[in-house]
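Q: Build out the structure end to end from the sequences listed, making use of the hints.
Going line by line, the protein sequences match chains A and B.
Residue numbers for the first sequence follow the numbering used here, so the first one is 14 and each next one is one higher.
Residue numbers for the second sequence follow the numbering used here, so the first one is 3 and each next one is one higher.
Some hints here could point you the wrong way.
[Stated by the list, open to error] Coverage of chain A stretches by chain B, computed from C-beta distances (three or more under 8 Å per stretch; other residues unrestricted): (1) 144-153; (2) 171-177; (3) 200-208; (4) 365-379.
If you're looking for bench data, these hints aren't it; they were derived computationally from the structure.
Don't be surprised by glycine CBs; every beta carbon is placed ideally from N, CA and C.
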Amino acid sequence: MIKDKYNFEVFSKKPIKLMSDSGEWLADFELDLSDKQLKEFYYDMLFGRLLDERFGQLHRLGKVSFYAPSSGHEAAQIAIAKAIDWGNDWVFPYYRDNALLYSSGVPIKDIMAQMLGTRLDPAKARQMPSHPSSKKLNMFTAASGIASHIPAAAGAAIAAKIRNKGEAVITTSGEGATSEGDYHAGINFAGAQGAPIVFIVQNNGLAISVPYHKQSAAENTSLKAHAYGMPGYYLDGMDILACYYLMKDLLERARAGLGPALVEMKVYRYGPHSPADDDMRYRSKEEVDAWRKKDPLLRMQKFLAKRKLWTKKQDIKMREEIELILDKAINEAEAEGFAPLEWMFDDVFKDKPAHLLEQQKMLLED
Amino acid sequence: MNITEYYGQTITYREALRLALDEAMEQDERIIILGEEVGRYGGAYAVSQGLYEKYGAGRVLDTPISEAAIIGTAIGAAMTGLRPVAELMYVDFAGIAMDQIANQAAKIRYMFGGQIGVPMVLRTQGGPGRSAGAQHSQSLEAWFMHTAGLFVAMPATVSDAYQLLKEALQFDDPVIFIEHKGLYTSKGIFEPGTALPFGKAAIAREGSELTIITYSGALRHCLAAAEELDKLAIDVEVIDLRTLNPLDVDTFVESVSKTGHALIVTEDSLTAGVSAEISARAQEGAFDFLEEPIMRLSGEDIPIPVAPELELAATPKKADIIKAVRKILRR
Ligand SMILES: Cc1ncc(C[n+]2csc(CCOP(=O)(O)OP(=O)(O)O)c2C)c(N)n1
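A: Here you go:
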């Protein structure tokens, strides 16, 4: 197996970290990110957090029917977003990737329009909220069926291998998804083909209420990589720098034709699975609070503060700015109202067959 | 290759399919084939024979035994710029990949607001006739016909096998292309120039007294019955649907309006099957012209048995068709 340039340990027993809980740099290689980049990493995490909270508000107001809380997953998601070569690589996200979605560069107005199902949604208000996509960024619409997107991601990687132009594929999921047949089908074929893809599991320990030990007897999901003939990495998913450096390295290797990898990023979700879920039925407040102490934003604040790149005052200002951006995006997204009835029969096929023209005519005549 | 060299020649259904794949692969580099045994082995029904040797392992991919992987990866490759032909060895195995077919392939364009599509052809084969048993002999076309977002083609003739596949390979949407295992060695004159476009039903035999509506493997039994009926001075028209989505309702409604009598013959099982849909459409469109109730002859509502006599009895054959026509016409 190829040794990566940062010498990350394959199949490590403990999650790999580059930043201590108190924000010390732990790695033996030089940090080569600029101050600006480091601040941006934090800003994007903060944006992801506030975006997630805003989705919660919109749900309480009855404006969105569903969302998948992502607070606690920010370090993992922003690290992934920062390592992707957007527009060159292909991305198959999952429904909980709110922070990743923001950091990808999808306009916030588009994100809000998708969540609210308005006329300005580029996907024409056809997808469930929290199922982002962007044609421009090569980001494919998330699947509602757990792991349904994994074979497609593997197929995109096989296509990229055939084209041989240095493209990589990134796909994300929760740990529960790795139990699905489709997960195995996709990753196994990608392994056999040596296709350029990185499979990322954001393991938040729970699939709705079901704890990981009921999904699998494997100590963590990265170990499964062994059977697919690819390296597996087990990361502290609350450590944005560990996630970033490994992702960058793995994607560079994939683009260079060195094959796939599987990464588990150990995270925690603070919110319920979805707004329909009462999470206090299966976990305690103490458990959530203990994880909140390891919060990825907190850790990055400490890291930045040591470098004089973060103050509480600046943080408050940033939050205010972000809230205003979100207000504006919601107003813009709502400006033109909901998707019209005329759109309903479009895009079942590229060209509308006779039976759909007829059904459309009958509906609109009523 | 020069396809015109084959014009007018007698070739098999299998050869016609291979010609379509070969010609399309020569013309369009984005076309790849993936499936179980499609490489050196040449496909379980030998359709892709020679293509691995000609186009190499980069375009003819032997996959793991995983229908979800074959179809799911074909979808991903299609979404990102290729035009894959996924081969599903038996339509009976579609269940393993049905999530990929129904929830992914069929819905991506719609869910993505029309920004991208899934230009994939899923080639498979079905139908009874080889004593292959309950898990290798089904006619499951209704599953796909019932799912919005899928085109469904079921060629019955040599020219259509070529023509429909060639057209399917140019579509920007997924096509479920179901061949019939009993037709691979059937022969016909290769004259694709005369074939109708995708979505149009063909009048396989003109007649005036009753319309038989059918497709795929059942067509030959209907034509054989029509020949015999002719000897009894009963003149039937036979319509070959060719594609089930789009379903060419106009052609059969016009025919039934002309003849006033309709018999639908399919090999899928009767209940909630394709024949029910056609019957409803024919009734809606030709009600004023119907002289007798529309009748259906379809597979029995049982798993297909292996014993040859039982397998024969499980789906409509020439004698059943003749009997049904005479019953409708009371002659
Ligand atoms: C095929 C399928 N089965 C079940 C569900 C219902 N469901 C939605 S989310 C979920 C849990 C998924 O857990 P995991 O993969 O760990 O991701 P997480 O939501 O925790 O991020 C389940 C069972 C579904 N959407 N699709």
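Q: It remains to establish, for every hint, whether it holds in the given structure.
A: Each hint, compared with the structure:
no.	hint	in the structure
1	144-153	holds (count 5)
2	171-177	holds (count 5)
3	200-208	holds (count 4)
4	365-379	holds (count 3)
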